[in-house]
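For chain G, the structure is supplied; the task is to place chain D on it using the hints.
Listed below are the residues making up each chain.
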Amino acid sequence: MADIHEAPHDVTPLPTYFFVFIALAAGTLLTWYASTINLGWANTPIALFIATTKAVLVILFFMHVIHSTRLTWVVIIASFVWLGMLFVLTFADYLTRFWAID
Amino acid sequence: MSDVTVHADEHVHHPFLQHQFEDLGQQHEASTLGMWVFLATEILFFGGVLMAYWIYRTIYPEAWALAGEQQNTLAGGINTLVLITSSLTMALAVRTAQLGSRRATLVFLFATMLFGATFLGIKAYEYNAHWHEGLFPGSHFTWHENPELAPKVQLFMVFYWGMTGLHALHMVIGVGLLLWIISRAWRDHFGPEYYSPVEVMGLYWHFVDIVWIFLFPFLYLIPHFGVLHG
Numbered sequence: 065m066a067d068i069h070e071a072p073h074d075v076t077p078l079p080t081y082f083f084v085f086i087a088l089a090a091g092t093l094l095t096w097y098a099s100t101i102n103l104g105w106a107n108t109p110i111a112l113f114i115a116t117t118k119a120v121l122v123i124l125f126f127m128h129v130i131h132s133t134r135l136t137w138v139v140i141i142a143s144f145v146w147l148g149m150l151f152v153l154t155f156a157d158y159l160t161r162f163w164a165i166d
Numbered sequence: 117m118s119d120v121t122v123h124a125d126e127h128v129h130h131p132f133l134q135h136q137f138e139d140l141g142q143q144h145e146a147s148t149l150g151m152w153v154f155l156a157t158e159i160l161f162f163g164g165v166l167m168a169y170w171i172y173r174t175i176y177p178e179a180w181a182l183a184g185e186q187q188n189t190l191a192g193g194i195n196t197l198v199l200i201t202s203s204l205t206m207a208l209a210v211r212t213a214q215l216g217s218r219r220a221t222l223v224f225l226f227a228t229m230l231f232g233a234t235f236l237g238i239k240a241y242e243y244n245a246h247w248h249e250g251l252f253p254g255s256h257f258t259w260h261e262n263p264e265l266a267p268k269v270q271l272f273m274v275f276y277w278g279m280t281g282l283h284a285l286h287m288v289i290g291v292g293l294l295l296w297i298i299s300r301a302w303r304d305h306f307g308p309e310y311y312s313p314v315e316v317m318g319l320y321w322h323f324v325d326i327v328w329i330f331l332f333p334f335l336y337l338i339p340h341f342g343v344l345h346g
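Chains as they are written, first to last, in the numbering used here: chain G, 65 to 166; chain D, 117 to 346.
What the hints contain is simulated information worked out from the structure, not anything from laboratory work. Every residue gets a Cβ at the ideal spot worked out from N, C-alpha and C, and that includes glycine. Some hints could be false.
Said to hold, decoys possible - Selected chain G positions facing chain D (in silico; Cβ < 7 Å): (1) Thr95; (2) Lys118; (3) Val122.
Said to hold, decoys possible - Computed Cβ-Cβ distance ranges for the label pairs, DEER-style: (4) Trp137/G to Gln134/D: 21 to 27 Å; (5) Thr160/G to His248/D: 40 to 46 Å; (6) Gly250/D to Ala106/G: 33 to 39 Å; (7) Asp74/G to Tyr241/D: 17 to 23 Å; (8) Leu190/D to Ile86/G: 17 to 23 Å.
In isolation and in its complexed conformation, chain G is listed as follows:
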């Protein structure tokens, strides 16, 4: 990969860091505020969505993954795919154990 040798010279512009920081702080206040309103079933997905968005911002910009090589992307995506399999297969068992059999 051609960009390997240029990797040490990717300097993120300051405004990017500050914008991400403000987004993370706003997300924290938003998730707290959203938790004080009763939105029924929607409360949990909203909290998870905000947390996931914040995590993606940190990974892409603070951890410089947006400038990383494809090999790094493969490792990161693979780790989340495995985590997803762990969640889906385990929940497929536990969350269906109490279903009534008609």
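Using the frame of chain G, we list chain D on its own:
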């Protein structure tokens, strides 16, 4: 070192270029990739605990809601902001190391360590309160409101202490690693050509921040959703 003489006609070796790498760019790439492989194991490690927590939450929603009410949301929220700020200063430390500013790198690394210590201080305050409220699992656990739910509330607290404790352990390790990086920055080891240790330190620090980004809603906000509200 025979290595140096062999390559002496090509170029002078950077003092921190290990002999198995072609150049500093390749070495940097290997460092960050290796760190990400480690973080992949950490993602599955924390992910597995979160999953166990979630399964019990679906089985004991009332106990989870009651236990969630015992959490100090303000302290948790402030700690989230403290950690996010520490991530910003960490990112700025990497940036200033890239730009070769030793003084600014030291300032930002020190600020990151200070915010990390602040987080641990607030966490210690919460732990102390829970301890005196009898919310530490074990023989001193006390829960009188609804005795039939006591074992399940205690189970939540096992997850609470376990997850925040593992996270705090990572923070303590992070602060220790920062001391080492600060000592290297002090000795002027970093610059535009070589800043991989600062970058890898940042990867670790930001990862620990991400774990907290999930722990905050999971342990402080979500437990009472749909039960006490609805």
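Earlier hints that do not hold, by number: 7
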